[in-house]
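Residue numbers (my numbering), protein chains in the order written: chain A, 19 to 408; chain B, 19 to 408.
Since the hints were made in silico from the structure, they are not lab data. Please read all numbers here as calculations on a predicted model, not as lab measurements. Accuracy of the hints is not assured; some may be wrong.
Each computed SDA-like pair below joins lysine to any residue, with the alpha-carbon atoms no more than 25 Å apart [said to hold, decoys possible]:
id : chain 1 : residue 1 : chain 2 : residue 2
1  : A       : K79       : B       : C34
2  : B       : K272      : A       : R22
3  : A       : K272      : B       : P371
4  : A       : K201      : A       : E104
5  : B       : K79       : A       : S58
6  : B       : K79       : A       : G64
7  : A       : K79       : B       : R37
8  : A       : K272      : B       : L31
9  : B       : K272      : A       : R37
Short, incomplete list of chain A residues facing chain B, as computed with Cβ under 8 Å [as the list claims (entries may be wrong)]:
id : residue
10 : L54
11 : N57
12 : T62
13 : L73
14 : N118
15 : A151
16 : Q275
17 : G285
All C-beta atoms, glycine included, are put in the ideal place defined by N, C-alpha and C.
There are 2 protein chains.
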Amino acid sequence: MEGRLSSRADLILDSCIMRLITVARRPGMISFATGLPDNSLFDTEGLRRAADEVLSGDDVKGALQYGESEGLLSLRKRIADRCRKEAGINATADRVLMTNGSQECFDLLGKMFLDPGDAMAVENPGYLGALQAYSVYGPRMIGVDLSDSGPDIRQLESALKEDPKLFYSIPNHQNPSGMSYSKSARCEVAEILSETDTVLVEDDAYGELGYRGRAGRAISSMTDNSVMTGSFSKIISPGMRIGWMVVPDWLLPKATQFLEAFCLQAGSFTQRVMDRFLAKNDMDAYLRPIRAEYLRKKNLFSDLMEDMLPQSFSWNDPDGGMFFWLRTPEGTDAMRLVDAAMDRKVVLMPGSPFHVRGGENTVRLNFATASDEDMKEGMCRLGKAASDVF
Amino acid sequence: MEGRLSSRADLILDSCIMRLITVARRPGMISFATGLPDNSLFDTEGLRRAADEVLSGDDVKGALQYGESEGLLSLRKRIADRCRKEAGINATADRVLMTNGSQECFDLLGKMFLDPGDAMAVENPGYLGALQAYSVYGPRMIGVDLSDSGPDIRQLESALKEDPKLFYSIPNHQNPSGMSYSKSARCEVAEILSETDTVLVEDDAYGELGYRGRAGRAISSMTDNSVMTGSFSKIISPGMRIGWMVVPDWLLPKATQFLEAFCLQAGSFTQRVMDRFLAKNDMDAYLRPIRAEYLRKKNLFSDLMEDMLPQSFSWNDPDGGMFFWLRTPEGTDAMRLVDAAMDRKVVLMPGSPFHVRGGENTVRLNFATASDEDMKEGMCRLGKAASDVF
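Let the hints inform the model, and build the full structure from the sequences given.
Right, here's the structure in full:
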C-alpha cells in the first residue's frame, strides 16, 4: 500500500544540482558543473582550532544543548555588523535569523509568502536551487530577463503589475550568470519596488566574493520591504550549513515562528564554531587571498576557453563569484555540448533549467572547484567535445 | 510598506516551546518545562575528540564541503543497523535520509503529504513541536485519545474512516505523556493501518531512553506503509541537530527531492562528527549509564512529588524518557498552577497546548533537565504554588 502525496509533489521543480555533485564525484570525472567552492581554500586548521576551543571551553554545554530559535546572539551580532559595514543595510542582531544554510531561507520565505497561483518575480535565468525551494509552494513565476548590468527594468515593471508577492534576486555575481547589478540598476529596482508591496528577496550568497570588493550597496539598504539572505558556504565552508536572513521588523515574529516550526533552531554547535572562527579572523584579511585566488582561477579559465573553445562560443567576464556563463551559437542546443562533454568525462551544468523561458544555448561553468591541472585537462576535453558537436 | 503573507501564516499553530526555553534561562528560574536532556550527561570529551579527528583526518575536505542530499553513507548505515537490531524494522542505509534534527522530518512529511483540509490522525495529547510543523500545511487534525497502554483503538478506527493521510504517533515514552504502547497495542495499530493507505509516522525520539531497554518493537516493523523518524538529540546532543527518517521505497525519490529543495543536505561536518563518535562507542554500553541516571532522576522526582504535591494531584510512572504527566483534579484548570509556579520562579509546560481537545487539567513535567539540587528546590516551590491555588 502506498500513501497519497500532496499536490506539492506535482509542483516541485526538478533540480539536477545534487545529482550532478554525485556524478561529478565519480573517478576520472572533471566537473565544471556544481557550485562547490575550492576545497583547497578551506581554513581547515583554523576551523579545527575553533571547534576544539568550543568543545573544551566554558560554553561547551551550550554548544551541545538546545538554544534559541533565532540563533546564537554573538554570531547574529557579527553578521549584522558586517551587513551594515559592507552592504550598507540597517541590520541589527535582533533582525538576523540563523538557519542551517541559506537554502532553508528560501523554503521559509516560500512557505511564509506563497499560496498556489500567487505571482512571484524571478530573474531569468535565476538560481535553480532557490527556484526549486519556491516551486513547492506553487507560485506562478514571472521571469525578468537579465542583462550585463541588471534586470530588464521594463520587464520588471510589467511583472510588478501582476502584483507578485516576492521578487527573488542575486544582485552580486549571480548564480548562474555571474552578472552583477550596476549601481543605477540597484537604485532603479529599489525605487520601483518601493511603490509596491512586493517583498525583495536579496540573495547575497556571493556578495563577499567580489574580486575588487563588493559590487555595490545592497538594494536592501535602499528599501525597507526586503529580506536579505546570506551564507558562509561560499567563503568559509558549505559543510557547516550556516545561513541567515535579515528580516524587516514587521516580519520578525512570524518568521521566528515559522523557523521554529520547521527546524526548532539552527545548530548550536556549528554556530559556535563559526562565531569562534570569526572572532579570530579579520574578515577582510581572511577574504583577501580567497578573492585573489578566485580571480587568478577565473583568468586562467578564461585563457583556456580562448585557446580551446570554438570562436562561435561567447562568455562574460565576471568580476566576482564562481561562474562563467557560456553561450553556444544562437539557435543551437547547448544540451548537445553537455552530453558530448559527459562522454568525455567533463560534467557541465546546462543553463536551460535556470530559465523560466529560453536559455537553450547556455551553460554555467564553475571555474572555482577544479584544480589548475583538472581545469586544463577538463578544458582540453571540453574543446574536443565542442568540436564533436559544433 | 509590508508584504502579504500566505494563508499558512494564519494556520500555523503557536508553540511556546522555544519561548519557554528562553524564559527558563533567566537567572533564578528552575525549569521543569522543556524537553532538554541533562547537560551533565553529554560526553563533551568524546565529542571533542571526534570533532578533532574529523577536522585533522583524511576526510576533512569532505567534512567542510557539500555532500549528498541523502546524507553521509556510513552514518546512514549505522542508523539502519541500529534500527534493524533494536526496533526490528527492515531498514537499509539507502532508505535512511538525514536531516538537521528530526523536527525537519515533520516539516518534510507535512509538506509531502498534506494539502489544506486533508485529514490527519494525531495522538491526543500529541507532541506540540510536530503538530506545529504539520499545522503550517493546514490539515484537519483528528485526535485519538491515549490511555496508559496505547491509543484508543475505537477512536483510531473511527479516525481512519475519515481517510487521514498520516497518523503521527510516538509509541515509546511519548512526549508529552511519558506513555508507551503495549505490545498488543502495537500489533493492533499495525493491523488496522495495513488495511488503509494512511501512512504511519512513527516518531522514535525517545526509543533509546527506555530504562529497561526498548519498550517494544517498532510498529514500522509490522507495516510497510510507515516512516520512522529518529534523532540523536535526546541521547547524545541536540545542539548537533542530527535527525533522520527511514522511508519506504515508494517514497524515497520524492522524499530525497523534497529534502534537497528545502535544505540541500544535512551538515557534512556534524554528520561526520557523529559518525566518528558512534564508531568509537558501543551504543548499548554508552546508553547504560544514561538510562540509569534518568531512572534515578525519575525516582527522585517521583519521591519529591509524593512529598510536596497535594494528594488530589495524580501522575503516571514512566518506564523511559523524560516526562511525568501530572493531572490536577478533574475540572480544574492547570494553567492556574502554571501561573502560580511562574510567580515562584518555576517554569512549567501546560498540557493543554498538546491537545486537540481537553487536557485542561494536565501539566508536562520534565525531570531530566534539572540538577538534583534544582529539582528539590523547584519541587519545594511547586508545592507552595500548588497550595496557593489548590
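Which earlier hints turn out false for this structure, listed by number in ascending order?
none
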